[in-house]
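Residue numbers (the numbering used here), protein chains in the order written: chain A, 1 to 309; chain B, 1 to 249.
Just so you know, these hints were derived from the structure itself, not from any lab. Be careful, since some hints might not be right.
[As the list claims (entries may be wrong)] Just some of the chain B residues that point at chain A, by a computed CB distance under 8 Å:
| no. | residue |
| --- | --- |
| 1 | Val13 |
| 2 | Leu90 |
| 3 | Leu113 |
[Claimed, not checked] Where chain A lies over chain B, by a calculated footprint (3+ residues, C-beta under 8 Å):
| no. | stretch |
| --- | --- |
| 4 | 78-89 |
| 5 | 93-102 |
[To be verified] In silico EDC-like links for lysine to aspartate or glutamate, alpha-carbon gap of 20 Å or less:
| no. | chain 1 | residue 1 | chain 2 | residue 2 |
| --- | --- | --- | --- | --- |
| 6 | B | Lys241 | A | Asp72 |
| 7 | B | Lys85 | A | Glu87 |
| 8 | B | Lys16 | A | Asp72 |
| 9 | B | Lys85 | A | Glu91 |
| 10 | B | Lys245 | A | Asp72 |
| 11 | B | Lys245 | A | Asp59 |
| 12 | B | Lys2 | A | Glu79 |
| 13 | B | Lys15 | A | Glu91 |
| 14 | B | Lys2 | A | Asp176 |
| 15 | B | Lys244 | A | Glu87 |
| 16 | B | Lys244 | A | Glu112 |
| 17 | B | Lys2 | A | Asp107 |
| 18 | A | Lys183 | A | Glu79 |
| 19 | B | Lys16 | A | Asp130 |
| 20 | B | Lys85 | A | Asp86 |
| 21 | B | Lys16 | A | Glu131 |
| 22 | B | Lys5 | A | Glu112 |
| 23 | B | Lys5 | A | Glu91 |
Note that CB positions come from ideal geometry on N, CA and C, so glycine has one too.
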Amino acid sequence: MEKEIAIRIEGISKKFGNLEALKNISFFVKRGECFGLVGPNGAGKTTLLNILMGFSIPDKGFFEVNGKRAKDTRAIKREIGFIAQDEILDEELTTFQNLYFHGLYYDLPKREAKKRAEELLNFFGLTRKDEQVKNLSGGMKKKLAIAKALIHNPEILIMDEPTIGLDPRSRTVIWDTISALSKSGKTVLLTTHYMDEAEKLCERVAILNRGEIIDIGEPRKLISTHLPPAVLEVKVDTEEERREILNYITRHSVEHRISGNIFILYPKNLDSTRGEILLLGIENITKRNSNLEDLFLKLTGRGLRDETL
Amino acid sequence: MKPFKVWLRNFTVWKKNFLTSLVGDAIDPLIYFLGFGYGFRALIGNVDGVDYVAFIVPGIIMSSAMTGTSYECTFGSFTRIAGRKTYRSLLIAPIMIEDFVIGEVLWGMTKGLLSAIVMMLFTIIFGYFPGWFIIFNILNILLTTFTFASTSLFFASISRSYDFFSYYFTAFISPMFILSGIFFPISSFPSWASFIARIFPLTYSVHLSRGIYTKTFSFFMIIDILFLLIWGSFFFYLSMKFMKKRLIN
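Let the hints inform the model, and build the full structure from the sequences given.
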């Protein structure tokens, strides 16, 4: 049973001054699984990854990675390929040198490091091996960061917001890469505040809010437990429309969330509610399947991207 | 082995522009050597029984070791921990902060050694050569660069910005250059100044080097070595401690 678990985290707490960044976090990641830590900025996702990598020491709790104990940071790092949000490429080195040196840091012999670096450059289509890293595009940099994490062929990959700041095309490419790595048997732990990303890639997710885990499970199951299968999304354009919809919601006591000028309704009878709202003269209304974003809103009362809520 | 990989990484980056870097490091002490040496010789002639240029050669070499190392382990190291955050790209691999600190110290020592060697070659061209005693002088350079690499790296580990280093250079490195007995014997200072000189590590490097160049060995050289070792080790310890504090929270 133990062998089935790649990462085990138990009771981790961390304070920065008065801020409780992590409160008693426990979960495990199964071998070969793609696991998502989902939550808005400031939920504590990066803090947790920093703890796993030894960049930050927890106040309480312990963790194991492939059976290696928390204290042995050096051994833990060998088990992991880590892709941080930024600052993990060496800007003073070329693309090839980035990979080559990373191989040396993992004690690969020089010949082996060179071979691995060249293989990975080819695999990721990074053909200009003598390019200075600072001249690469965002998508290329991310690819290089992933290549770097693979240099020592680790079983476990940890990625902090793998597609943040990327254009839609690069995003798809990175998603395909992560899927392929996951299918090839790698264990993946990723953090994201993009719900579509988590739903697309992750077999299980933990929903993290203000340093606490609210729920853990398969995305579809979590959604069906907490939400009806579909929701209505109403976009209001004027103050008058806003008043009208608020009025309607109170009168019929419809369960709802508000995110800026978008109202998300979880009515009992979806189609009749839709018809009634259309009659109010509000036309911008769509029916769609419930997703993790709704779930997050429902569980935490705030949006993932909307910090003001 | 790990610290050596940090060293190799720095060396690879430096190699690209090594000539510019070497010339830059050597130019200052060179100007002092020519200016002070040949300028003052006309006025002074001999000091402590030796020709004035011969008097300043050992110290100039040591000052060049000090400057080369100090620049690298302040501005250079600070760029790697705060500016470019190079340390992150190292620490995601199984490189520990201890490896990083030792690697930075070794690299700083290398930079100082290179500057000192350039300076030494230059003085050899002008006819100042201590024969095979030069081996002792190289050992002295290594000790001196260790001392200054550790001290500078400690300041880099607590610094919040590059501005901080201007204090380090104006309040520590520059006075040392003038008051460590490179250009005039400390014994000629008023007592307060010679007291200050005796706090400065460079004074001990210069004293040691001068002994090597004039081939006069004395018991005080053991004190020189001990002073540099203790000073260097103390700041090495502090660098390690404060670098951990800075990079792990």
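Mind listing which of the numbered hints don't hold for this structure, in increasing order?
-> Result: hints 3, 8, 14 and 16 break, sorted rising.
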